[in-house]
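1 is the number of the first residue of the sequence shown in our numbering; add one for each residue after it.
None of these hints come from the bench; they were simulated from the model. Note that the structure is predicted; figures quoted are calculated from it, not measured. Just to be clear, a hint being listed does not mean it is correct.
[What the hints assert, rightly or not] The calculated lysine-lysine pairs, modelled on DSBU-like cross-linking and capped at a C-alpha distance of 35 Å, are:
(1) Lys130 to Lys80
(2) Lys200 to Lys155
(3) Lys113 to Lys173
(4) Lys94 to Lys200
(5) Lys130 to Lys113
(6) Lys131 to Lys200
(7) Lys80 to Lys173
(8) Lys134 to Lys82
(9) Lys94 to Lys134
(10) Lys80 to Lys94
(11) Lys82 to Lys155
(12) Lys173 to Lys155
(13) Lys94 to Lys173
(14) Lys200 to Lys82
(15) Lys134 to Lys155
(16) Lys131 to Lys155
(17) Lys113 to Lys94
(18) Lys130 to Lys173
(19) Lys80 to Lys134
(20) Lys173 to Lys134
(21) Lys82 to Lys173
(22) Lys131 to Lys82
(23) Lys94 to Lys131
(24) Lys130 to Lys155
(25) Lys131 to Lys173
(26) Lys134 to Lys200
(27) Lys200 to Lys173
(28) Lys80 to Lys155
(29) Lys200 to Lys130
(30) Lys94 to Lys82
(31) Lys131 to Lys80
(32) Lys200 to Lys113
(33) Lys131 to Lys113
[As the list claims (entries may be wrong)] Cβ pair distances, simulated, as ranges:
(34) Ile69 to Gln93: 18 to 26 Å
(35) His138 to Glu206: 41 to 49 Å
(36) Gln214 to Lys134: 35 to 43 Å
(37) Glu153 to Asn66: 24 to 32 Å
(38) Glu123 to Asp71: 17 to 25 Å
(39) Arg215 to Pro70: 25 to 33 Å
We treat Cβ as the ideally placed atom computed from N, Cα and C, and that holds for glycine.
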Amino acid sequence: MAVTAAKSVMAFRVLTMAVDLCRLTTRTMNVNAGHERTSKARIIHQIQLIRGITLQDNIDLDIRINDEIPDYYIAHLLTKNKRILCAAPEYLQKYPQPQSLQELSRHDCLVTKERDMTHGIWELGNGQEKKSVKVSGHLSSNSGEIVLQWALEGKGIMLRSEWDVLPFLESGKLVQVLPEYAQSANIWAVYREPLYRSMKLRVCVEFLAAWCQQRLGKPDEGYQVM
Numbered sequence: 001m002a003v004t005a006a007k008s009v010m011a012f013r014v015l016t017m018a019v020d021l022c023r024l025t026t027r028t029m030n031v032n033a034g035h036e037r038t039s040k041a042r043i044i045h046q047i048q049l050i051r052g053i054t055l056q057d058n059i060d061l062d063i064r065i066n067d068e069i070p071d072y073y074i075a076h077l078l079t080k081n082k083r084i085l086c087a088a089p090e091y092l093q094k095y096p097q098p099q100s101l102q103e104l105s106r107h108d109c110l111v112t113k114e115r116d117m118t119h120g121i122w123e124l125g126n127g128q129e130k131k132s133v134k135v136s137g138h139l140s141s142n143s144g145e146i147v148l149q150w151a152l153e154g155k156g157i158m159l160r161s162e163w164d165v166l167p168f169l170e171s172g173k174l175v176q177v178l179p180e181y182a183q184s185a186n187i188w189a190v191y192r193e194p195l196y197r198s199m200k201l202r203v204c205v206e207f208l209a210a211w212c213q214q215r216l217g218k219p220d221e222g223y224q225v226m
């Protein structure tokens, strides 16, 4: 399957970038077409990955890990999912674990910036109620992989999909924080035309659904998170 945005060719959004985190000292990086802007006076580091490919760009299939489905598009639930709070043991050795959501504001939180400009506000539920908490920290990025790497290096607390961090939780590289709270982040396949109109699209969605059910569980076995 070709990875391209050309018309009538199925593609997934694929964005890879090698970032040498060890060289992030006191500079701000804006990664955009290879350009880098530095500022020695800044302490907060930000890495921007430009995400310019969408369904409007002749992409047949979009995999979303949230419940924000664009109007006039068709969505197929692949599996239920939730985001959880976690941090490396090294970080929790330096700073006591928060005992409430309010205490997160006193911690170094690793913020994943989103286009809707709600970055820095985490909405979390415990099955009975949902709360919003304003968090901040010295590091932020719109790349989840970079945020994960920062968390593994003991640089703060992050909010991340459980299925993505499960291997690190099992190995002890990460520890769940405030386990009674989570954020709904279901996994959807989003497309523009009905599946019966496209054999390649239907086969692809069926494959993804089977893979998710095998690895992550069936949709009706997911989590009920407010």
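Here is how each hint holds up against the structure:
Taking the CA atoms of lysine 130 and lysine 80, the gap is near 18 Å; set against the 35 Å cutoff, the hint holds. With a C-alpha separation of about 43 Å, the suggested pairing of lysine 200 with lysine 155 is violated against the 35 Å cut-off. Simply put, lysine 113 and lysine 173 have alpha-carbon atoms about 24 Å apart, close enough for the 35 Å limit, and the pair holds. This hinted pair does not check out: lysine 94 and lysine 200 have alpha carbons roughly 51 Å apart, beyond 35 Å.
Straight-line distance between C-alpha atoms of lysine 130 and lysine 113 comes to about 21 Å, which keeps the hinted pair within the 35 Å bound. In summary, the hint linking lysine 131 to lysine 200 is not supported, as the alpha carbons are separated by about 42 Å, beyond the 35 Å threshold. The hinted pair formed by lysine 80 and lysine 173 meets the criterion: a straight-line CA distance of about 24 Å does not exceed 35 Å. Restraint check for lysine 134 and lysine 82: satisfied, since their Cα atoms lie roughly 19 Å apart, inside the 35 Å limit.
Between the alpha carbons of lysine 94 and lysine 134 the distance comes to roughly 22 Å, so the proposed pair stays at or under 35 Å and holds. A hinted pair counts as satisfied when its Cα atoms are at most 35 Å apart, and lysine 80 with lysine 94 qualifies at roughly 34 Å. Between lysine 82 and lysine 155 the alpha-carbon distance is near 22 Å, which keeps this suggested pair within the 35 Å criterion. Annotation: proposed proximity of lysine 173 to lysine 155 holds, straight-line Cα distance about 13 Å (limit 35 Å).
Annotation: proposed proximity of lysine 94 to lysine 173 holds, straight-line Cα distance about 15 Å (limit 35 Å). At most 35 Å may separate the alpha-carbon atoms for a hinted pair to count; lysine 200 and lysine 82 meet this at roughly 29 Å. As the CA atoms of lysine 134 and lysine 155 are separated by approximately 18 Å, the hinted pair is consistent with the 35 Å bound. Using a Cα cut-off of 35 Å, the hinted pair lysine 131 and lysine 155 holds, with the two alpha carbons roughly 24 Å apart.
Simply put, lysine 113 and lysine 94 have alpha-carbon atoms about 25 Å apart, close enough for the 35 Å limit, and the pair holds. Proposed proximity of lysine 130 and lysine 173 is supported: the alpha carbons are some 28 Å apart, at most 35 Å. Of the pairs offered as hints, the one joining lysine 80 and lysine 134 holds, with about 25 Å between alpha carbons and a cut-off of 35 Å not exceeded. Distance restraint check for lysine 173 and lysine 134: the Cα-Cα separation of roughly 26 Å lies within the 35 Å cut-off, and the hinted pair is therefore satisfied.
Annotation: proposed proximity of lysine 82 to lysine 173 holds, straight-line Cα distance about 19 Å (limit 35 Å). Our distance criterion of 35 Å between C-alpha atoms is met by lysine 131 and lysine 82, whose separation comes to about 15 Å. Taken as a hint, the lysine 94 and lysine 131 pair is honoured in the structure, with Cα atoms around 26 Å apart against an allowance of 35 Å. As the CA atoms of lysine 130 and lysine 155 are separated by approximately 27 Å, the hinted pair is consistent with the 35 Å bound.
At roughly 28 Å between alpha-carbon atoms, lysine 131 and lysine 173 fall within 35 Å of each other, so this suggested pair holds. Between lysine 134 and lysine 200, the direct Cα distance comes to roughly 43 Å. Violation of the 35 Å bound is thereby established for this hinted pair. Among the hinted pairs, lysine 200 with lysine 173 is inconsistent with the structure: their alpha-carbon atoms are about 39 Å apart, more than 35 Å. Note on lysine 80 and lysine 155: the hinted pairing holds, with a Cα-Cα distance of about 29 Å set against a maximum of 35 Å.
Taken as a hint, the lysine 200 and lysine 130 pair is broken in the structure, with Cα atoms around 40 Å apart against an allowance of 35 Å. With a CA separation close to 27 Å, the supplied pair lysine 94 and lysine 82 stays within the 35 Å bound. For the hint pairing lysine 131 with lysine 80, the CA-to-CA distance comes to about 20 Å; that is within 35 Å, so the pair holds. With a C-alpha separation of about 33 Å, the suggested pairing of lysine 200 with lysine 113 holds against the 35 Å cut-off.
For a cut-off of 35 Å, the pair hint linking lysine 131 to lysine 113 stands: about 19 Å separates their Cα positions. A hinted range of 18 to 26 Å is violated for the C-beta pair isoleucine 69 and glutamine 93, which are about 41 Å apart. For the hinted restraint 41 to 49 Å between histidine 138 and glutamate 206, the CB-CB distance of approximately 44 Å keeps it satisfied. Taken as a hint, the range 35 to 43 Å holds for the pair glutamine 214 and lysine 134, whose Cβ atoms sit roughly 38 Å apart.
One distance hint, 24 to 32 Å for the beta-carbon pair glutamate 153 and asparagine 66, holds here, with the actual separation near 26 Å. The given range of 17 to 25 Å is respected by glutamate 123 and aspartate 71, whose C-beta atoms sit roughly 22 Å from each other. A C-beta distance of roughly 26 Å is found between arginine 215 and proline 70, which places it inside the suggested range of 25 to 33 Å.
The earlier numbered hints that this structure contradicts are 2, 4, 6, 26, 27, 29 and 34.
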